[in-house]
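Build the complex: two chains, separate frames, hints provided.
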Amino acid sequence: MAMQWLPPDWPGNFWAHWAVFTVIIVAFILVMFLAFTWFERRALAIMQARLGPNRAGPFGLLQPVADGLKVLLKEDIVPAKGDKLVHWLAPVVAFVPAMLIFAVIPFQGGALLADLNIGILYIVAISSVTTVGIFMAGWASNNKYSTLGAMRQIASVVSYEIPVVLSVVGVVLLAGSLSLQQIVAAQDIPFILLQPLGFLLFFIGALAEINRTPFDLTEADSELVAGFNIEYSGIKWGLFFLAEYAEALAISAIVTTVFLGGWRGPLLPDWLWFLVKVGIIFFVIVWIRTTIPRVRIDQLMALAWKFLFPLALLNLLITAVEILVWPEVSLWVFVPVNIAIAIVLIVLWSKFFKLGWGKVEV
Amino acid sequence: MATTAKTKEVVINTEPFVVNFGPAHPSTHGVFRMRITLDGEVVVDMEPVFGYLHRGIEKLAEERTYTQVIPLTDRLDYLASMSNNLAYCLAVEKLAGIAVPERVEYIRVIMAELQRIASHLIAVGSFVQDCGAFMTPYVYMLRERERILDLFEMVSGQRLTYNYMRVGGVSQDVPDEFIPALAKFLKEMPGWINEYDRLLKDNEILLARAKGVGILPRDLAIDIAASGPVLRGSGVKWDIRKADPYSIYDRFEFDIPTGTVGDCYDRYRVRVEEMRQSLRILKQAMKGLPRGEVRSEVPHLIRPPAGEAYGHIEAPKGDLGFYLVSDGSIAPYRFHVRAPTLINLTVLADMMRGWKIADAIVIFGSIDICMGEVDR
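Note that the protein sequences, when read in sequence, are chains A and B.
Residue numbering for the first sequence follows this note's numbering, beginning at 1 and increasing consecutively.
Residue numbering for the second sequence follows this note's numbering, beginning at 1001 and increasing consecutively.
The shape of chain B in the complex, shown without the other chains (with noise of 0.2 Å):
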């Protein structure tokens, strides 16, 4: 219809301009760079440049023995080295056909809860960081987590990087103080939980903030491989303890919990409450723990069999996965890491289009990365 009246519309050319986030900044969590094209606020495009911390493990791996790659796993994901040591260890059990005693895998399930409730420590505190909370939870997260820190150092003598496990065993017995420090733990944590969730999970403006925004489908989640966290809060069940249970995860009872959306509210929800889970591995695993030998049969330099192997666990971030070649000499001929955070990461720009870059900051936070791990 041609309209007589001729109507003059003010237009202002605005055009969209790219912004470098990183790899020096607050919310990159370590040196992660996004190349975003805003338009005003709004996120039109975003371009993840990797690398910063790239250090090569995968290759240094190939010239070292066995067991002093550990140490390198170490420095992969190091808000979770526990939970990489263990990766590395099944993996290479895996490949030589070592079997451990009963104690070691009570203490390594031990280990890598107390690590998965430390690593969501983090992930929880930054992300409410993220969305603009100043300082308050990531503090009060932190407090506890040191009380997480406090056990690993007394089993191995590390706060951070702990090369705790050994391919066949572990390093070394829990010392005696080690089960009543756990207990005292396992019986104040879940009352801290519970703090975290009357501050948080009906703060009206974090539900603002995070509810619905940042959706991941189910389906995409499932198409590009996404794992933990991120994976479940978009509804799928899958949790490779269950799904592919490793060491004696099939002797505990616990459950998975899963997100309803997909949205950044859910992955919150979900980590939360696999801190829950994780103190119920726990409580199980101290009231099974058994006597005996710390450390199987296992010579100084280890000669697997020519061949390969994949041993994957349930990483706090995800799937993390340690691929393996031997050629039959003491050092692996290829060694790969599949991280699961990389993984993860691959989806953001697809989360993060068409909202605005403050939402950017929430969603990526929402993700839980490590650089460490993503650059390796």
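Extracted from the complex, chain A is given alone in its bound form (with noise of 0.2 Å):
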């Protein structure tokens, strides 16, 4: 397929794109917050025999217009022992990063605010700024549960930071860069099937990381209440939530383009093949969400350390290998191959591995 790049500073100069891309990426990311916060609930709804909501507008679709307009109009309140400056930056803190990781993905071809060689490394080093701001609310609000939830994040964070990028070097050793661009370009195969391991241990690191259940126990709503938010109200919780989305959508974007093949397929149009693949990815995350029950904060330590960590190491070691030995092996036999690594080390792993029954001494 021949593949249309648009030209790296369409539509003409450096501002104009600039411009164009930033209010580009902004209404994208509101625009599907709102579609991505009503597709939830109602999914979720669907899945829980229930009907969601379906009263504001046709099926419910203007239901969270109406939901951001109460969250504007709410009393903000901070508590009167917290520290108002933090508490007042935090949910700035959590939001713009969420945003900024989308200045690398390519919506098509060519379509991206900055085609960074080092797109990677650029999108993990920016999404951890989100735990700042997350630990920031929890700090700010002098609360003991928003703190017990903070620290959680931040012992989560660093812990899955480390399975999260070991399984991405597997892709960039195959692709042979970092930019997300080349990437795509580099996937004539998606690469969900040459590294399915990686993937589903990028995916399940990368869901511990935004807090989607079953890791959600930065906000853990049956022991913690909401955790780190809970003393937040009005349009400073709204952005909390639309950083949650943001992230939601961001990691969503993040997998399409690394493992999915990004924009590439037959028949649509690129950008729409794009759109419907982080569609998937984030029903996958709701269904995750409807399905399962919430781990425990050590079972979460000891799932990354591990389970994780182990296989993402040997999942690169296996890549580097089967690149650096066989090179001019065509790529397509080292599907099937990878397949059966992936599930003969899964299933091994799990003989080892108990997610812990009982008491565990920390």
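Everything labelled a hint here was simulated from the structure, so no lab data went into it.
For glycine and all other residues, C-beta sits at the position ideal for the given N, C-alpha and C.
Treat the hints with care, since some could be wrong.
What the hints assert, rightly or not - With a straight-line Cα cutoff of 30 Å, these simulated DSSO-like cross-link-like pairs (lysine-lysine) come out: (1) A:351 x B:1201; (2) B:1283 x B:1237; (3) B:1211 x A:306; (4) B:1211 x A:144; (5) A:351 x B:1211; (6) A:306 x A:351; (7) B:1283 x A:306.
Claimed, not checked - Take a look, some chain A residues computed to stay more than 10 Å from chain B by CB distance: (8) 31; (9) 93; (10) 145; (11) 272.
Written out as structure tokens, the structure reads:
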């Protein structure tokens, strides 16, 4: 398939490019935020034998707008003994990085704000900054629940960053570049087939990083009620909510770009393929949310260090060996091989590794 | 042995802190309050605080006639009103020496067992929700509970506080459409219970969260007089329906499911199995339901002879007993409730100590309390 790429400074010069794509990204995030909140609530409701929001507008499509208005009009409450400046700053610090990730995500060939040659590294670095915002929120709230939630967030991100990064390195080896554009261009075979293990590890780790079920310990509503954002109301809370969905959107976009071949696909226009794939990944995230319970904090740590980390290392080793030893063998040969290796490794490891029944001493 | 090299240890001083769980907290099943002392994530100590829902029902009952107390019992364990009605009526009948017709006994058993299923559905659903499953199991189980409430609405007109049973009978006979509806429910319910098992029984995360967590040893369970699924989860085969048969339970064939270790998972399994056993009883009771009167000759104002009586049943949450003292007047002289969940709660602190805060919620959920009954 011939790829039609936009020129790097489309639609004219650098500043026009910069302005157009900034607007596109902000609009994209906000529109997708509205769409995804509606989609998540409806999908959850259908899977839970309920109806979900269906009053505001056709099929409840205007529900996110109504919710947004409500959030804007609500009173902003700051705890009397909280740190006011940090309390105010935290939602911004949490939201901005999630938005910045989209600077390097190609919506279609050439359609991205900046084709950084360190794209993946940039994403890894930027996405961890959200954690700082969450910890600021937990600290500034001067509330025991929110501090506990924030501590959990730090612990989980510190642990899960490692397997997430290691599992992406396999892809980088295959593509020979850190630039997301080049990674998509290299995916004549989607990397989910070549790196099935890497995909699973990345996806699990990413779920933990963005606090989605089953790793939503930061806001664990059955014990910590809402965790770090318990003392937030009004639009500050709304920004956290926005950040959470922007992150989920970002993770869906990253998985799409890195493992599912980005915008590439037959028949449909490129940008539509990108959206469809992002939607599918987000649906999987929602599906997981309605299906499984939450793990405990020590089980979360154990999963990262005893399961994901060694497997990510092994995955990296296997990928490196394949590329070094058989450079001229067609990549298609490695598809069944890698899938088989992934299944064997996961089965073998699950024999050694138990999520842990009962008490775990720390 | 003295070491020559002086090792410098970095010690971070941490101190335990107290967190208030409740009385307004999504996982306290009402207005229960726990003052948990935490060391990081680990529960060091727990102090339960009751009484936020205290309405003085025991005192109120002393100023009402024996029939007027029945609506008060509805409001004890409001998730199992039928069982409360039954236990109270049994106590009064024992006190006044009233016999009830055959048909009433069968209707009462049907209602009590339906109520057990309804209560266990809530218990299991909220327990899995406490484990962190986002609402799905809870809504699924509410869906089936709704069917039971429909049946109750048919016979009593109410969906929560039924006020259905009377001393010496029930308020009215079951309508004609009740039995076919019950038969339909009995046909469909086993499939639903199997559906829960498919979704939950071998769920890896649920196993990790519940298996081996919050173990209540057999001896301790007996010592604190625990009852119901909490006791049976610890492996004690004790069920009032078999141990001290009341009504006509000796005519039915059913098993008492028990756990082995006494952890949260066992208590959850016992509840699910009890639902199956209740369905067995319901099937037999529906088949044997005779025709006849639904009320015996009882005076409008019951004046039991002076004395005392204790009637207890196996309510969904445990051994529910009513202790009545009569002085020969129209109102009870003393009215006391043996609330199973209050007694089961007394062991909560022992079960929680040393577990993580997330486990504490799961352990608490596995006891299945109802604050209406605990605080009375």
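Going through the hints against the structure:
A distance of roughly 20 Å separates the Cα atoms of residue 351 (chain A) and residue 1201 (chain B); the hinted pair therefore holds under the 30 Å criterion. Proximity of residue 1283 (chain B) to residue 1237 (chain B) is assessed by CA-CA distance (about 23 Å); at most 30 Å being required, the pair is judged to hold. Distance restraint check for residue 1211 (chain B) and residue 306 (chain A): the Cα-Cα separation of roughly 20 Å lies within the 30 Å cut-off, and the hinted pair is therefore satisfied. Between residue 1211 (chain B) and residue 144 (chain A), the direct Cα distance comes to roughly 28 Å. Compliance with the 30 Å bound is thereby established for this hinted pair.
For the suggested pair residue 351 (chain A) and residue 1211 (chain B), the alpha carbons sit about 18 Å apart, so the restraint of at most 30 Å is met. With a C-alpha separation of about 12 Å, the suggested pair residue 306 (chain A) and residue 351 (chain A) falls inside the 30 Å cut-off, and the hint holds. With a C-alpha separation of about 50 Å, the suggested pairing of residue 1283 (chain B) with residue 306 (chain A) is violated against the 30 Å cut-off. Distance to chain B confirms residue 31 (chain A) as a non-interface residue, since its nearest Cβ pair spans about 25 Å, more than 10 Å.
Against the 10 Å criterion, residue 93 (chain A) stays outside the reach of chain B, whose nearest CB is about 25 Å from its own CB. At the 10 Å boundary, the C-beta of residue 145 (chain A) falls inside the reach of chain B, the nearest C-beta of that chain being 7 Å off. Distance check for residue 272 (chain A) against chain B: the nearest CB is about 31 Å away, which clears 10 Å, and the non-interface claim stands.
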